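Enquirer: Protein chains in written order, with numbering that gives the first Met the number 0: chain Y, 0 to 128; chain F, 0 to 681.
No lab work stands behind these hints, which were simulated from the structure alone.
There may be inaccurate statements among the hints.
[Unchecked claim] Dumping the calculated DSSO-like pairs for lysine-lysine here, alpha-carbon to alpha-carbon at most 27 Å:
no.	chain 1	residue 1	chain 2	residue 2
1	F	451	Y	30
2	F	141	F	81
3	Y	84	F	399
4	F	132	Y	84
5	F	451	F	236
6	F	170	F	42
7	F	170	F	131
8	Y	84	F	398
9	F	570	F	511
10	F	42	F	141
11	Y	84	F	511
12	F	236	F	176
13	Y	54	Y	30
14	F	451	Y	54
15	F	399	F	133
16	F	451	F	467
[To be verified] Partial list, derived from the structure: chain F residues whose beta carbon lies under 8 Å from chain Y:
no.	residue
17	152
18	153
19	154
20	155
21	324
22	460
Everything numeric in this text was worked out from a predicted model, so none of it was measured.
Quick reminder that beta carbons are idealized off the backbone N, C-alpha and C, glycines included.
Take a look at the letters that make up each chain.
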Amino acid sequence: MGERAQRPTSDSIAEFFAELGRRGHEPLLEKARGSARFDVADGRRTERWLVTIDKGDLRVSRRNAAADCILRVDRSSFERAVAGKLNLMAAVLRGEVGIGGDERLIVLLRRLFLKPPRRRRPRTARKKQ
Amino acid sequence: MSDGSVKILDGNTFVVSDTRGDIEASLTDPTGLFSYDTRFLSKWVLTINGDRMNPLSVDDLEYFESRFFLVPGTGTIYVDAKLSVIRRRAVGNGFHEELTILNHADEPVDLRIRLDAGCDFADLFEVKDALKKKGAYSARAKGGQLVLAYVRGTFGRSTVISSSQPARADKNGLSFKIRIEPHGRWSTQLDVATEALGFEEMRRVEDPGRARRRMRQNLARWIEQAPRLESDQERLKATYRRSLVDLAALRFSPQVAGGRSLPAAGLPWFMTMFGRDSILTSLQALPFTSELAATTLRALGDWQGLSVNDFRDEDPGRILHEMRYGELTAFEERPHSPYYGSADATPLFVVLLDEYERWTGDRALVRELEVESRAALNWIDEYADLQGNGYLSYERRNKKTGLENQCWKDSWDSISFRDGRIPGFPRATCELQGYAYDAKRRGARLAREIWKDAALAEQLEQEAADLKRRFNRDFWVEDGEYFALALDPDGRQVDALTSNNGHLLWSGIVDKSKAKAVAGHLLGPRLFSGWGVRTLAEGEGRFNPIGYHVGTVWPFDNSFIAWGLRRYGFKDEAAIVAAGILDAAEFFEGRLPEAFGGYERSQTRYPVQYPTACSPQAWSTGAPLLLLRTMLGLEPQGEHLVVEAALPSAIGHLELLDIPGRWGRIDAFGRGRVDVEAARRA
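Between the sequences and the hints, there should be enough to build the whole structure, so can you do that?
Expert: Encoded structure:
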């Protein structure tokens with residue numbers, strides 16, 4: 000992951016969505032229901048991914064369909080997002096990511112970009128006496 | 000208003016002007032039109048034939064609307080009474096202003112009307128700290144419209160100023176050349192609209208007329224749905240009404256809440272989502288409205304921390320401290336997207352969820368937030384026990400722009416030893432242990448009764464009991480008989496006597512055998528001023544009656560202290576604290592400030608407002624509500640609401656009618672029997 004973060008391969012985005020499809024279920028999204036479309040612009044071309052979430056069950060397709068929420072983003076920015084290096088809120092505020100539709104769902108989508116958390120410190124035996 | 004400014008607001012858009020309706024902001028001055036932490040108008044000055052206006056009166060119709068009655072003329076000796084000017088202004092997407100000029104003379108008049116406009120597009124943080132801008136400004140006049148803009152890379156903010164009557168626009172404002180017939184009138188509708196590039200779809204843009212109607216209906220419904228208060232004491236009724244209206248004004252609908260609202264912290268600095276403030280205000284307001292709590296829980300749950308990020312002081316499971324929307328946040332020059340540097344919001348999140356369910360019976364929300372609540376409980380031990388000693392402590396990882404003190408007393412010198420020395424980091428302040436204890440106890444109930452996880456419930460209860468045992472041993476200051484403010488990094492007691500002891504009673508972590516001594520200190524001469532409990536006791540090294548967290552009295556703090564006193568059966572003592580704070584409210588026309596001076600009551604006779612306190616401020620607005628709950632002794636028990644009043648005798652008769660909850664609606668009655676003066680002497 001670290002290496003990919005510094006030198007994104009040309010298909011790190013495709014890989015991200017493929018992994019979501021394989022994941023199939025995301026426990027952190029069990030209260031979410033709806034669809035999200037990611038419009039990823041690369042020069043004049045736009046690639047679209049549609050992710051539908053049904054109580055945590057994920058389905059990914061390349062359909063260009065209407066969705067409950069839409070995120071518009073440049074390829075380079077999205078590569079940083081899939082590497083866990085883009086803060087969604089700040090990117091939206093500075094106009095780097097355009098959003099529309101169900102705002103609560105957009106906030107919950109942050110959980111799809113989650114990297115395995117590193118522990119703050121190795122858990123040691125506690126001195127509780 | 001006392002500081003000569005007029006404020007109107009809706010959500011996190013607000014306008015601050017002088018009593019003429021004019022805005023002439025400097026970089027360090029929080030006047031102007033603000034929306035999403037950005038100033039969209041810093042100059043807005045009306046002249047007629049070159050003359051500024053003179054204010055006759057201001058009518059604050061509602062919190063979102065005001066009307067300025069003016070006459071042209073520069074001095075107060077000569078005023079041209081032949082013309083009247085009325086500016087009626089309402090907040091919407093930006094603001095809307097109806098400018099009306101009446102000619103009272105028998106002759107027609109020719110007038111040059113001018114509105115000078117300009118904008119610095121300052122981030123509220125820049126206004127606070129007087130910082131310099133990095134982007135480019137532009138002003139464009141076209142077809143009677145003026146567009147002021149600021150661009151920095153992909154970041155763009157603009158203000159569009161237009162008029163319903165034909166205007167000549169230039170880069171510095173709008174001009175009108177008009178004639179008004181004898182006894183005639185002229186009027187125009189001015190629109191000052193805010194735009195944010197890319198961010199537009201997140202903001203609700205509404206027709207100004209409809210927005211006004213919505214706000215008016217919404218306020219009427221808010222008041223109507225709240226319990227009705229009847230009392231012999233007229234000023235208590237006034238304070239109650241002021242609290243309800245201000246709380247309505249301070250509601251804020253963040254992007255995630257789907258049109259529902261939660262309390263923003265306060266005007267002018269904190270019209271945004273704050274973890275701690277939103278949670279504590281929602282707790283204060285629960286007997287009156289549960290809507291704020293539900294929205295706060297959902298919004299904070301949605302934004303819960305996901306990963307370890309040092310810049311934002313974020314950990315998995317941590318509840319946010321503060322969200323901001325301005326330029327500095329957008330470019331990550333400040334960490335507020337959101338910033339997580341708060342050590343109490345996470346346990347308090349669980350406390351609020353449990354208290355909310357006890358009042359409303361809304362098990363669905365408890366199930367909806369199971370994942371977030373478990374993550375919050377996990378954070379306490381997994382990420383917040385920085386020393387591995389079983390105590391919740393804090394130390395910022397963002398050394399540049401993070402917060403040093405991540406508890407409610409967040410100023411630099413708030414945590415000190417008796418002799419005034421400041422301890423190192425990490426700091427384990429005492430109230431954090433109380434909140435963690437309470438969160439574990441309440442989390443255990445939710446786990447057992449709603450999540451059906453008996454093993455987790457048992458584990459949490461054991462951890463809570465263990466924490467309580469250790470806490471009463473390690474934090475108890477033997478020679479003073481109170482709890483230390485904190486433990487320092489070496490486990491030494493930070494031994495100043497503070498109001499935090501009251502929060503410990505509220506949390507339930509205090510051993511019964513120690514409670515009497517603690518209550519004695521809270522009502523004793525070093526902490527109690529007569530108006531309320533001081534943040535830091537008189538006689539401590541850093542005590543200063545007008546020091547932000549080192550001697551002032553905070554109404555919100557006192558409302559939780561009173562609740563804590565009741566929890567341990569000190570009814571009269573709770574009534575004394577309530578009486579002091581409610582007496583103080585009268586001096587502020589029912590609107591309690593964030594803090595006031597810790598001077599002895601008999602010395603000043605009136606409460607001295609802290610110089611730069613926010614007002615209105617959410618948790619001060621909520622204080623009278625929690626004090627009412629405390630005095631009436633309202634406590635949900637199963638499907639019932641228990642009422643056990645202990646009121647100061649000055650209040651006389653008190654009725655709170657139609658208290659909403661899982662029981663439907665219930666009335667509570669009480670009669671003042673606690674003689675505050677006699678009880679204080681006892």
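Enquirer: Compare the structure with each hint and give your call.
Expert: Hints and how they fare:
1. 451/F - 30/Y: Distance ~18 Å between residue 451/F and residue 30/Y Cα, so the pair holds.
2. 141/F - 81/F: With Cα atoms ~34 Å apart, residue 141/F and residue 81/F exceed 27 Å; violated.
3. 84/Y - 399/F: holds, 20 Å
4. 132/F - 84/Y: holds, 26 Å
5. 451/F - 236/F: violated, 44 Å
6. 170/F - 42/F: Holds: residue 170/F and residue 42/F sit about 12 Å apart, inside 27 Å.
7. 170/F - 131/F: holds, 22 Å
8. 84/Y - 398/F: holds, 20 Å
9. 570/F - 511/F: holds, 15 Å
10. 42/F - 141/F: Within the cut-off at roughly 19 Å; holds.
11. 84/Y - 511/F: Violated: residue 84/Y and residue 511/F sit about 50 Å apart, past 27 Å.
12. 236/F - 176/F: It is violated: about 50 Å lies between the C-alpha atoms, which goes past 27 Å.
13. 54/Y - 30/Y: holds, 5 Å
14. 451/F - 54/Y: It holds: about 20 Å lies between the C-alpha atoms, which stays within 27 Å.
15. 399/F - 133/F: holds, 20 Å
16. 451/F - 467/F: holds, 25 Å
17. 152: It holds, given that the least Cβ distance between residue 152/F and chain Y is near 7 Å, below 8 Å.
18. 153: Result: holds, 4 Å to nearest chain Y Cβ.
19. 154: holds, 4 Å
20. 155: holds, 6 Å
21. 324: holds, 6 Å
22. 460: violated, 16 Å
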